[in-house]
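Trainee: Between the sequences and the hints, there should be enough to build the whole structure, so can you do that?
Protein chains in written order, with this note's numbering: chain A, 1 to 195; chain B, 1 to 195.
Hints in this document: simulated from the structure, not taken from any laboratory. Every residue, glycine too, gets a C-beta built ideally from N, C-alpha and C. There may be inaccurate statements among the hints.
Cβ pair distances, simulated, as ranges [said to hold, decoys possible]:
| id | chain 1 | residue 1 | chain 2 | residue 2 | range |
| --- | --- | --- | --- | --- | --- |
| 1 | A | LYS21 | B | LYS96 | 38 to 48 Å |
| 2 | B | TYR43 | A | LYS10 | 24 to 34 Å |
| 3 | A | ASP167 | B | ASN18 | 42 to 52 Å |
| 4 | A | GLY145 | B | PRO117 | 22 to 32 Å |
Protein chains: 2
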Amino acid sequence: MSYLKERILKDGVIFPNNVLKIDSFLNQQIDPKVMREIVQEIYAYYKDEKITKVLTIEASGIAPAIMVAAQFDVPMLFAKKAKAATLQKDQVYETKVYSYTKGTTSNVVVSKQYLNPQDRVLIIDDFLANGEAALGLIDLVDQAGAQVVGLGICVEKSFQKGRKRLDEAGVKVYSMARIAEINSDRQEIIFAQGH
Amino acid sequence: MSYLKERILKDGVIFPNNVLKIDSFLNQQIDPKVMREIVQEIYAYYKDEKITKVLTIEASGIAPAIMVAAQFDVPMLFAKKAKAATLQKDQVYETKVYSYTKGTTSNVVVSKQYLNPQDRVLIIDDFLANGEAALGLIDLVDQAGAQVVGLGICVEKSFQKGRKRLDEAGVKVYSMARIAEINSDRQEIIFAQGH
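Mentor: See below:
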């Protein structure tokens, strides 16, 4: 079992409605050993794909994304959540990302100058649940005419619809830890096979 | 001259009122070569200080902070900007950080469980200007009864008051690039000596 999965079982905190908090090693406090494992697995999986850029979304995607980008020796770019009023629409690619957790929609942007049609983009994020953030990031890459090579995800909730939506869209996904079930009554986490 | 300073001169964009945008290699798109240089210098400066934790503030401090934390092999912790309404005040240390750029004050928090009195904390941030964020982070560490070993800063605007305030508070600071002057008329950046 990977170190990330061990930490999820040991330190993940289960709340009602399948909410899993992993603040102690991935989302607020970040364990460098988890990061090194992510870098190793994601690099091994995508190393022949001629990645030119790593893309994520602020804030908790930034740590794994810069570590992976450093291993590929390519720039890391993070999309920002912006207030609509402050957008300079001619200078950014913009998409909307709905948060099921918060029940709100954010405008998410990247500067046009940092994505170009030659880019082969690896998208990194800490969580994949309903796929809203991932599909938003893919939309930004599409707007630039660049290519999404695939996604690298730290923790996937396989019982939610994000992975299925990405599979159906024909996007390659590698998830470090796939969670098949979170049982808040029994305080149990069951992993799915594979990545 | 360091690679970071070279990139500031080559790619920094100067706006009126001494505003310097370095989005292309540090604040939105992040150059891994800049990160490696930061890691190398900050690690060399603080390596004997028995650092137990690296602390930063979301979002653009996260990338240098996790890279430095990985080198020290200690956890990285990032403070979050929180809406006052959503704070669980018994579970977080809280401080207020004023942004001169935005003219607004943010509530900044970290979970109490991730800072403890035994911690020797290295604070990392991308920019030091008036020192508001740095002093806020120091306040959070103080509330926990932990010790601030020092700060590692990527780009310091030495003509603003942050460095002076930190020097007067007796806090050790190592800045990768100290900017003595930004001249928007002549589109010129002049570095200060030392770190």
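Trainee: Evaluate each hint against the coordinates.
Mentor: Here is how each hint holds up against the structure:
As the Cβ distance of LYS21 of chain A to LYS96 of chain B is approximately 25 Å, the hint placing it in 38 to 48 Å is violated. Taken as a hint, the range 24 to 34 Å holds for the pair TYR43 of chain B and LYS10 of chain A, whose Cβ atoms sit roughly 29 Å apart. In this structure the hint that ASP167 of chain A and ASN18 of chain B lie 42 to 52 Å apart at CB holds, the actual value being about 50 Å. For GLY145 of chain A paired with PRO117 of chain B, a C-beta distance near 53 Å fails the hint of 22 to 32 Å.
Of the numbered hints stated above, those contradicted by the structure are hints 1 and 4, listed in ascending order.
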